[in-house]
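Visitor: One-letter residues, chain by chain:
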Amino acid sequence: MIKKIITSIIILIIYTTQLHALIEVDITRGNLDPLPVAVSPLSADKNTNDKLNKELKINKIGYKISEVVENNLKNSGLFNPLNKDAFLQKPDIAHLKPRFEDWSLIKAQALITGKVTLSDDKLRVEFRLWDVLAGKEMMALAFTTVPSNWRRVGHIITDKVYERLTGEKGYFDTRIIYVAEDGPKTKRIKKLAIMDQDGSNTKYLTLGNELVLTPRFNPTNQMVTYLSYFRNLPRVYLLDIETGIQEVVGDFPGMTFAPRFSPDGKKIIMSFAMDGNSDIYTMELENRIVERITNHPSIDTSPSYSPDGKFICFNSDRSGYQQIYVMKKDGTNVKRISFGKGLYGTPVWSPRGDLIAFTKLHKGKFYIGVMRTDGSGERLLTENYYQEAPSWSPNGRVLIFYRETKTDTEGKGFSAKLWSIDLTGYNERMVMTESDASDPSWSSLLSN
Amino acid sequence: MNLSKFFKNAFLVMLACLVLSACATKKVQNQMQGDVYTGTETVEYLASGVPDRVFFATNESVLTTASRDTLRKQAEWLRKNSKVNVVLEGHADERGTREYNLALGERRANAAKDYLMTYGISGNRISVISYGKERPVDSGSNPLAWSKNRRSVTVKAN
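Here the protein sequences line up with chains A and B, keeping their order.
Quick note on our numbering: the first sequence kicks off at 387 and runs consecutively.
Quick note on our numbering: the second sequence kicks off at 939 and runs consecutively.
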């Protein structure tokens, strides 16, 4: 399904100017002064609006796409979308030639305008990004897609704007796979769920008949590997999102868990537990060849490849307590990298390759943090009663994780929610989900 | 006069608090040794006098004296009931990462399995499953609740 959507989006570059931009957003520091940006509703002619309203029950599509963009920009913490009530210029005229005085009057530094047209049942969306102070166009792009994809158009626009203004790839046209939770803490019902990065378009991939945990995307976002307790045999499974076909990964005589894909998508790396000992294994998907990577009487789990596939970071208690280790992909050269006070778990290698995110437990508190791949430069981003399992945004700027609340003596007050935080430690926010949620995993960018 | 009455009342309230809190601590102490659960509140029985579960210290899979005692009773009962197979369900408390807890639950259940085997129970009769932190018996967020949840439970499989 995803593949179909990707191919149905044709990006046409109509006109791009390479100016020396005056506006620049620095994303390497916590941004306490987000850039004021005006996102004008995209203009749409009456014909387009009527037809979309009648056939797809989409009302005011231009306004809705601009809302998707606004919401994304706001959630990034780097931008401050201005209230539309203050806009003086009509969307269609602003898109042709903005009156920059009007926009600078409301303190907008950047302006996004656009136009939506429907022809032959295809939605054509064009947008422009303007530098208000310089009075110049910074970027202009158009997309053609099926009308039901209109939210994705909003995400792609945000990615382009983000990239133009920060110099780094965006992370808005992405999805999150997670575990949707329901019911009492002692008998949680868990389902695999998938949603857009902004919490919309939630779909459930399993029914909740069996316990499911820790879903992770493959690099092309078409497959998911996860742990299922199907028939009370906890095993790593592989699910094709498009066909819904599931299969057990490998033929192990015991529990397999903590799965992840290799960066080329050809292998699944996971733990296999036997006789009280968990070691790390890989299985090549094409020929089913299983390889043992670690062989140690301690618990070795939570493996994660470096983006070049040459190294693996993992969690082991071989020192007596949970710590983070790095080794070569064949299991040699094992080195412990976490040496701070407390226990360390769930290491995940950043898509940029320079950092490892982790969960840390120290003096009864849980932290999400990052360290360099040699263990230096440890930085704790957030502290809470319980939180774990960070997953990186594809540009390596944001981490998503889950947080559970403390219950009272009767066990009431329990909840599990997804949260995200900037690598800078700023912009911590709850990610809205339809139900309680845990074990989030971020997809790569869908559109490139 | 009012003031002295106030102090008197305050003193009584404080005294009541102290007595109550002392009771509460005592109750917890009676049910835990170190941080291992020693109470019986959640325990079920495979047969009369044969408790179904053993408890562990935080991050540990070492069997305590009490656990070994329980498992010897289980082994004796299993020898008498040679048709019965069992599943050992290993669990962890909520104060750990999910993946590590799955491994820890497996390690705990296997510690119990090994002990049953040394007392003559064939490994063929015992299967093991870990639930990590997924199936607590006590949903509280306090040391006592956690101690009840760090467990290996022997369940009849047939």
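Misleading hints may appear alongside valid ones.
[Stated by the list, open to error] Residues on chain B that point at chain A, a partial pick, calculated with CB under 10 Å:
id : residue
1  : T1035
2  : E1044
3  : N1048
4  : S1068
5  : P1074
[Unchecked claim] According to the in silico footprint, chain A covers these stretches of chain B (three or more CB under 8 Å from chain A):
id : stretch
6  : 982-995
7  : 1002-1015
[Said to hold, decoys possible] Pairwise CB distance ranges, derived in the manner of DEER restraints:
id : chain 1 : residue 1 : chain 2 : residue 2 : range
8  : A       : H748      : B       : N1062     : 39 to 49 Å
9  : B       : T976      : A       : G799      : 26 to 36 Å
10 : A       : S705      : B       : T976      : 44 to 54 Å
11 : A       : V676      : B       : T1003     : 35 to 45 Å
12 : B       : T1003     : A       : H748      : 47 to 57 Å
Just so you know, the hints here were simulated from the structure itself, not pulled from any lab data.
Ideal placement from N, C-alpha and C gives every residue a C-beta, glycine not left out.
Visitor: Hint by hint, note whether the structure agrees.
Guide: Status of each hint after checking the structure:
1. T1035: Status holds, d = 4 Å.
2. E1044: 4 Å, holds
3. N1048: 3 Å, holds
4. S1068: 6 Å, holds
5. P1074: 6 Å, holds
6. 982-995: violated (count 0)
7. 1002-1015: That given contact is violated, which follows from only 0 residues of the stretch 1002-1015 of chain B lying within Cβ reach (below 8 Å) of chain A.
8. A/H748 <-> B/N1062: 39 to 49 Å: 43 Å, holds
9. B/T976 <-> A/G799: 26 to 36 Å: Between B/T976 and A/G799, where Cβ atoms are some 27 Å apart, the hint holds.
10. A/S705 <-> B/T976: 44 to 54 Å: Once the Cβ atoms are compared, 30 Å apart, the range 44 to 54 Å for B/T976 and A/S705 is violated.
11. A/V676 <-> B/T1003: 35 to 45 Å: With a Cβ separation near 40 Å, A/V676 and B/T1003 satisfy 35 to 45 Å, so the hint holds.
12. B/T1003 <-> A/H748: 47 to 57 Å: About 31 Å separates the Cβ atoms of B/T1003 and A/H748, which means 47 to 57 Å is violated.
Hint compliance for this structure: hints 6, 7, 10 and 12 are not met, and every other hint is.
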